[in-house]
Amino acid sequence: MPSANTGSLRDRRRAELLSQIQGTAHQLFAERGFAAVTTEDIAASAGISISTYFRYAPTKDDLLVAPLRQAVAEIVGAYGAQPSDQSAAEALIALFAETAWDKTNPNPHYWQRAILTAPHLLSESVLISDNDDRKLVELVATRMGVDAASDIRPSLLVHTGLATAQFILRRWLSSDTETKPPLHVQLKEALRVTLAGFD
1 MPSANTGSLR DRRRAELLSQ IQGTAHQLFA ERGFAAVTTE DIAASAGISI STYFRYAPTK
61 DDLLVAPLRQ AVAEIVGAYG AQPSDQSAAE ALIALFAETA WDKTNPNPHY WQRAILTAPH
121 LLSESVLISD NDDRKLVELV ATRMGVDAAS DIRPSLLVHT GLATAQFILR RWLSSDTETK
181 PPLHVQLKEA LRVTLAGFD
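Residue numbers (the UniProt record's numbering): 1 to 199.
Worth flagging that the hints you see were computed from the coordinates, not collected in a lab. Beta carbons are placed, not taken as given, at the ideal position from N, Cα and C, and that holds for glycine.
Pairwise CB distance ranges, derived in the manner of DEER restraints: (1) S8 to K180: 34 to 42 angstroms; (2) V193 to T59: 34 to 42 angstroms; (3) R192 to G47: 44 to 52 angstroms.
Cross-link-like lysine to any residue pairs, in silico, SDA-like; alpha carbons within 25 angstroms at most: (4) K188 to S84; (5) K60 to S49; (6) K135 to P83.
Produce the complete structure using the sequences and hints provided.
See below:
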């Protein structure tokens with residue numbers, strides 16, 4: 001009979017292997033460019049079989065955008081738990097900045113260089129799933145005390161926030177991160193400007 005911890009141990013091992021595959025892919029993309037790296041290259045460098053690779057990473061694109069999608073999913077998951085005295089815009093600003101600040105990437109330099117070789121992967125439609133988009137709009141509508149089906153403001157707030165985050169991320173990626181403010185600071189400042197009319 002399996003122990004009660006089997007699932008969590010299996011999940012941890014799965015997460016560790018996925019992290020290893022992502023780290024390997026990010027390094028290869030940074031060194032050679034996204035288009036020049038094959039799935040076989042990634043599997044060989046990670047020391048795994050191609051079938052194991054495909055169990056964890058169905059596409060190369062996922063290896064680059066999965067961390068961003070996960071960050072957006074975390075924002076959606078945490079939005080409803082934000083303090084009730086925060087406005088819809090304040091709650092979104094706080095979560096975007098917190099998520100950008102707390103992101104634990106073992107080597108963000110490789111990821112930054114890797115994503116620059118595939119900038120087409122930074123489109124808003126890639127960063128948020130349709131399901132997360134609907135959930136976030138509904139959560140914002142609830143916080144605003146309006147119906148998302150009849151009031152455009154929740155959708156505008158969400159999509160203005162996402163567009164701002166996308167713009168700042170692109171700007172941060174293509175600039176000298178040593179001389180610019182950290183990503184979370186730039187993001188918070190920009191969101192305060194673009195979402196000011198929603199308070």
